[in-house]
Amino acid sequence: MPLNDQQRARLEKLRELRQQGIDPYPARSHRQLTAAQAHAVFTEREPHLGGQPDPEPVTLAGRVVSVRDMGRTVFSHIRDGSGAIQLFLRREFVGDDQLAWFKRYVDLNDFVEADGHLFRTRTGEVSLEVHALRLLSKALNPPPDKWHGLTDVETRYRQRYVDLMANPDTRQIFVTRARVIRAIRQYLDERGFLEVETPTLQPIYGGAAARPFTTYYHALDQTFYLRISDELYLKRLLVGGYERVYEICKDFRNEGIDARHNPEFTMLEFYAAYADYHDIMQMCEELIVFAAREALGTLTFQWGDTVIDLTPPWARMSLREALLRFTGIDFLEVTDQPTLYARARALGADVEPTTVWPRILDELLKTFVRPRLVQPTFIYDYPVALSPLAKRKPEDPRLVERFQLFVGGLELANAYTELNDPLDQLYRFLEQARDRARGDEEAMPIDEDFINALMYGMPPTGGFGLGIDRLVMLFTNRPTIREVILFPQLRTKPQPLGLVEDLQPYLELVPGFQESVSTGSASPEGDPG
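Quick note: the sequence shown uses our numbering, first residue 676, plus one each step.
Keep in mind that a hint or two might mislead.
[As the list claims (entries may be wrong)] Each computed SDA-like pair below joins lysine to any residue, with the alpha-carbon atoms no more than 20 Å apart:
id, residue 1, residue 2
1, K925, T986
2, K1041, E1117
3, K688, Q707
4, K688, R797
5, K778, Y700
I should point out that these hints are in silico values taken from the structure, not numbers from a laboratory.
Starting from the given sequences, assemble the full structure and let the hints guide the process.
What follows is the structure, given as structure tokens:
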């Protein structure tokens, strides 16, 4: 990454500023108003100004995003987190020296602070008549191309800071994401739920079917795992006496990366005592409707070529009915692995001869049912083998009280009437162990402490998990999960030393560097590491 001509030119300007005794990175700013506040303040006062500039001086600050040199006058726009406002630099107000200084030393991407008076130009734009201007931060990199922005996908993900700078749509995604999370908290807090925190590093992972990330805990001399779910810890809290708890947390699953999966992702899980999956289904519908209204202001929005409508009530269909409709397979009749495997392969499902029965069924759901569920649809009543933490249906013990929510072909939520029978839970764990022995790497390990917790008694409980990243994908019409994660993980590229080597000669511009060299604590020829 050798320095380009623009970077070298900016570094030379930095050198000249230092030589003039100007600090290009001062420690203080004296901004009084944001750009949006400045517009609002002037609009309020304008009727009383008689077409004159506001006599009240103000100080604004922001990133320089445009410069138009008209000779005796310079028009420039600065942008802050609230929006943009125009700076009007005229020789009569700032003087010849200050105007020349601005033209020479201020570049796009620099942060500046300006004192002056608000007024409206002949073209009708609220602007700041600048009387003094200071540099707040000298940018050494130029911005992306003005007209095309930053479009390379990999660069957008690797250098998200540039993506946010160049693409307002990207910034809006994460504003929407914040609103969604805030709305979720509001909904749950108003209904008596307690927000809690459970361990990210766990001695036994569980709560989902997934392969974990493994780490070593030196202080305890033990292997630990990044959590794949917080379910089992949240249920321990119900055993302990809390009745409504939730957590918004990062989970980690050592799986593939695709448009809908990222190994590090954000989940909401909540658990409510004395509720079953019917109650949770109602709460799920209310929660997502509330989040949509708060974040989007509407229940209808674009998803690809389709308009999604979240207006309740949502469609409901049993898993047995859905699979019969879309595959012709009745899983209550096809209960052995060889037959189900043969039927799945005949349909074109991507399964191996060693794939266990519940994983084949799950693949049928993902391949043939999920893509057809565009409008919000609850699929409910799953086989026991596919749901090791859910309670059996009293009227049919082959099934459990579980539902999943699908919208736009995305699986958004998963919920159960929670299993609180310790012996049944142990039996399910042992079944998982048998599946693991048959080659299912994602089968859950046995958690004896969780069995012990259930032996103290857990009330009837409904539990719920929501993929926040996927919900934001849906609300912002983004086809891939990486678009809604600020810093998605990518394969690390080798870091060439060209940039470090090219910048080393400029380290002398760092305050105190020469003193460090004289004491031997730094050297311009030293090891860049």
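- [ ] Quick one: which hint numbers does this structure break? Sort them smallest to largest.
- [x] Those not satisfied are hints 1, 3 and 4.
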